[in-house]
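Mind docking chain R on chain A? Use the hints.
Heads up: the sequence lines are chains A and R, in that order. Under the working numbering, the first sequence has 161 at position 160, and the numbering climbs by one with no breaks. Under the working numbering, the second sequence has 59 at position 58, and the numbering climbs by one with no breaks.
Since the hints were made in silico from the structure, they are not lab data. Note that the coordinates shown come from a computational prediction; the quantities given were computed from them, not determined experimentally. Worth double-checking, as some hints may not be accurate.
If several chains are the same, the list does not tell them apart, and a pair holds so long as it fits within one copy or across any two.
Below, computed lysine-lysine pairings styled on PhoX-like, alpha-carbon distance capped at 25 angstroms [claimed, not checked]:
| # | residue 1 | residue 2 |
| --- | --- | --- |
| 1 | K115 | K330 |
| 2 | K24 | K101 |
| 3 | K356 | K185 |
| 4 | K185 | K11 |
| 5 | K154 | K181 |
| 6 | K354 | K286 |
| 7 | K162 | K88 |
| 8 | K88 | K207 |
| 9 | K81 | K203 |
| 10 | K115 | K286 |
| 11 | K115 | K288 |
Protein chains: 2
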Amino acid sequence: MTIKQESQKKLKELGEKLLNEIKSGENPYLDIPIRSLSNVNFNVEKQVLEIGDSSSKRFFFNISHIRKFVQTMEVAALAKELIEVDKHLSLRQVFYALRKTLPGTNIDVVDEQKESNDAIEDLEVIAKLTREQLHVNASKNGAAAGKIIIEDKGDRINWGKLGSGGWAIPSNTENIKFKKIDAKFIIYMEKAAMWERLNEDKVWDKMNCVIIASQGQATRGIRRLLQRLNQEHNLPIYVLTDFDPWGFYIYSVLKFGSISLAHLSDKLAIPEAKFLGLTGEDIKKYKLEKQKIKFKKVDLKRLEQLKKYDWFENKKEWQKQFKLMKEAKGKVELDALVTRGISFVSETYLPEKIKNKDWIE
Amino acid sequence: MTIKQESQKKLKELGEKLLNEIKSGENPYLDIPIRSLSNVNFNVEKQVLEIGDSSSKRFFFNISHIRKFVQTMEVAALAKELIEVDKHLSLRQVFYALRKTLPGTNIDVVDEQKESNDAIEDLEVIAKLTREQLHVNASKNGAAAGKIIIEDKGDRINWGKLGSGGWAIPSNTENIKFKKIDAKFIIYMEKAAMWERLNEDKVWDKMNCVIIASQGQATRGIRRLLQRLNQEHNLPIYVLTDFDPWGFYIYSVLKFGSISLAHLSDKLAIPEAKFLGLTGEDIKKYKLEKQKIKFKKVDLKRLEQLKKYDWFENKKEWQKQFKLMKEAKGKVELDALVTRGISFVSETYLPEKIKNKDWIE
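Okay, chain A solo, but in the shape it has when bound:
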């Protein structure tokens, strides 16, 4: 079954369920898994965040349920159309497509984008389809370069022949075909400026790898792309971030999944991802003590939260890092490696770390 057929089948099943309820005189309802923190668990065996079993019923004949019920149905109808014509819309565009008046009333299906966003997320968990399968695009950001040739929309694209820019990663990476993989691993980093540094030094050519960056948190498109390269082709994913709570959390989301998207961990999380960013020990090793930037209150607060997350709580190595970070009282950015030389990160830091398996999992 193709992705398209699977999506159509699941939407059809949902429609038929409701139709049967109507025919047999029942009150049609949707069974919606609860997406709040109370229903999100950390699966220790799989090492990913997962959504639990709690759900709530949403009825058509219930004055406090009907608005959301109708919104979810309208999104389902739109998704059905998008899948049929093989076109995609963004979240914002879906909001406009749903911002229409119900016939015979003066009521609009949605008044704010939050309503259509919620309806899409509801449909994701009800029908067990990702937003990408519903043809609703997330944001687009980031670039890739290195030793992989892909096929996308009929084009054969060599990530090693794209000059100083690289391939712009689309919002949806579900349908990319990997045609030729010479890369031995992937380096993901949180900053486009570091990507340009590594690309200029041809790190991917010298080390036989691929470099990928977005800006801050990875987009869904990048997370899925990294996960597919790891699961389908056994490529190690190294995550390069600053030594600060925010950088560590970028790694955390990539590896374990996120609370708000816990229902999608099997499509997005990468339990095998390895942290290759700056550690507390690196600060001394690479003589970066002077390059610390003092934490603000908000950074320290975030650090305390991080320490207590289930997926970090029982990990000795991570607790050690949190302790070192608290003692350091400041962050150290990857960019600070430039004080050791313009190409120090490319010529020393990365080769040394990877050779010595100096990563944290």
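Positioned in the frame of chain A, the structure of chain R alone reads:
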């Protein structure tokens, strides 16, 4: 003379000037054009913002000047090295490279990134070299697709063969070579989601053009790329934005230049750029009245500022738009065109606008 040679020559001239002053026992100084609003003028003939003739002298032997003087010299020394080894650093990386203690003192060259940023801008205006020529990268963002083949870093890149992602535009587009241009015009838009919509509809293939987007204000790399395509290859640049003060200002910066970068208008501004975004008349024409989103106070305040800018003040067509916007009391986003059909923007809006020359200049 190559770009590299030109940059080296200008830096050398600056160094020699200071050396001569030292040798002849004078107080070495830098002559720095003033970059505040008071010294920025709108050149009516050229239709771009320009920096005026006011400048101030910064002396080495002056206790309130010396810190900035030394910072500028340190940036110049770093730029000289970067140019020689043909490598680039980001603004953040330059900050770290300069964050070092002066020998025999406990004084750091810079304490905050603002200082190194200012020093780079000072050097730009003193030596009449752009940040790109000094090998300091701006931010990287955006994608391109369409009927152009370029050469970059020895790679031949066909913008029409890059699947759903496109070419990721680098921060520096100075050295790109345009090898084959089949495009008849360029469409620039402010949102990546709209770019994905147009790319999925293969607008660039059907209309023989190139589509380029970033997120919000165009990066320097994109502005220079668009300017070069316009000036070197006479390609019209159409700018697609929302009907709101912020969208209009994105167009304004692309066309006339910006106040803070007025000294670079000859490298970045595109006086021939045409506005192809939503107009007041379009709201009625495309039945988008219902899709208005009410202005907040901050939007209305921005609108009042826009109206009074020199480059808009005497333009009847623009003043009419500002009037219509004030009457509309709300913005209308391009994404709202989806209420007319998923591909309405690709199949009707753009072809109709371009055929009827329905743009504003």
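Hint-by-hint comparison with the structure:
1. K115 - K330: between (38 angstroms within a copy, 22 angstroms between copies)
2. K24 - K101: Intra 28 angstroms, inter 77 angstroms, cutoff 25 angstroms: neither.
3. K356 - K185: Result: close within a single copy only, 13 angstroms intra versus 51 angstroms inter.
4. K185 - K11: neither (37 angstroms within a copy, 44 angstroms between copies)
5. K154 - K181: both (16 angstroms within a copy, 22 angstroms between copies)
6. K354 - K286: within (12 angstroms within a copy, 61 angstroms between copies)
7. K162 - K88: The answer is between: 19 angstroms across copies meets 25 angstroms, while 29 angstroms in one copy does not.
8. K88 - K207: Cα proximity of K88 and K207: across copies only (17 angstroms, versus 39 angstroms in one copy).
9. K81 - K203: between (44 angstroms within a copy, 22 angstroms between copies)
10. K115 - K286: neither (47 angstroms within a copy, 28 angstroms between copies)
11. K115 - K288: between (47 angstroms within a copy, 24 angstroms between copies)
Taken one by one, the earlier hints fail for this structure at numbers 2, 4, 10, listed in ascending order.
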